[in-house]
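Residue numbers (this note's numbering), protein chains in the order written: chain A, 1 to 250; chain B, 251 to 465.
No lab work stands behind these hints: they were computed from the structure. All residues carry an ideal CB built from backbone N, CA and C; glycine is no exception. Take these hints with a grain of salt, some might be off.
Stated by the list, open to error - These stretches of chain B come out as covered by chain A in the derived footprint (C-beta under 8 Å, 3 or more residues): (1) 287-294; (2) 320-328; (3) 337-344; (4) 435-444.
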Amino acid sequence: MAIDTDKNSYTVIFAAVMVVVVGSILAFLASYLRPTIVENERFEKQQNILYAIGVNENGDDVGAVNFIPTDAVEAEFSKYITEQLIIEGDKITENKEAYLIDLKKQLAAKKKGESFKLPVFIGEKDNKKFYVIPMYGKGLWDAIWGFVALDDTMTVQGVYFDHKGETPGLGANIKMRYFMDDFYGETILKGTQYAGIAVAKGNNDPLNKTKDDNEVDALAGATITGNGVAAMIKESVNLYKPYLETIRVK
Amino acid sequence: MALLSKKDTSLILDPLADNNPITIQVLGICSALAITAELEASIVMAVAVVFVLGIGNVVISLMRNIIPSKIRIIVQLIVVATLVIVVDQVLKAFAYELSKTLGAFVGLIITNCIIMGRFEAFALANGPWKSFLDGIGNALGYGVILIIVGFFRELLGSGTLLGIPVLGDPILKTGLYATGYENNGFMIIPPAALIVVGIIIWVQRARTPALVEEN
């Protein structure tokens, strides 16, 4: 006997069964894979922070981003990152898991006027001290985020940017070496103001030789993503200003 | 008996040229505009769509006699969305780097009109094996155009292929750039994809006059 697929009762039952089946498949898969995914995300964060202070596998490769491999990253992270701090209001505490703090949630709490935590990572490499601060902002389509490593004169020692859904070939290029490398050596200060670093079009300095102009060369075809990066840096350094003022060599 | 009958072969080969989803059926243009600024992204998208359309067509074909016609579009949408999410989650767990490259495409695959178009036009009326071939064929036809467009846009717009500079360094003025050549910034913005697709359609119709409509 053929089923009458046009009947309303059949349609409703079919829809209900399908929702249950699809829902269970996805729920099962998500809970089964969750631990592995969380682990991957944790390693990625460690890789990103290390990348910002120049601990990476770039070597002689001038083109691509090469992270510390995932199986070695945990050891390297505890070797180079000597201190992890959480700033909560005026209180600064040490916490070994500060890097797991989700900046997005903290910024949302700040917006609602609740108390929020800001993580800072202090790294040491070749007897030099780095202060790594996380950043979070908006690109053209979706979230962008990253880390910036500063020394005690507020000069950028390295950055790492990433994005959720910027256009491949355009905005997505913020995670390319040729863009990120330009930030090295730039200062975030203009006088005593925390001006950040603008992503500027037509600044007549495509090779980025001027390091005190608070500007890097923009990406062609990615104006909004570039502006998003500039706004993100400016917001983050100002958010951390009270802390940065305490470490800055004046 | 051969693995593929003559009809089966045409299911795969027709969409590559004379019944191409982009240049003839004019489907899937939106994602063709969005992601073809780079060759690599075009290839990744092509592979992902081959996978999703191949399997999705089989699933829909197997369910074709029990899907209530009133809600068939919703059912199709759920099948695509589920497939894409499953792939995305599995990649996130076992091939994290690759999943980050694919991240931007997940939404684009779900809304790709070629996928819904093939479910609706083919899989609902044909058996699983034929639907599978049809899905692979159409996805390949889509992929071919994507790769051609990506090739020209990346070469003319950025002077690179798969991220590797092939024309010299535009800032240090080496290679072709020493002669005064400049990258064409227009090629990396989406309208350039329409023009490249337009040229492909033109070439294709000039070579195959049968495709040109009368009047």
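Here is how each hint holds up against the structure:
no.: 1; hint: 287-294; result: holds (count 4)
no.: 2; hint: 320-328; result: holds (count 5)
no.: 3; hint: 337-344; result: holds (count 5)
no.: 4; hint: 435-444; result: holds (count 3)
Hint violations for this structure: none, all hints satisfied.
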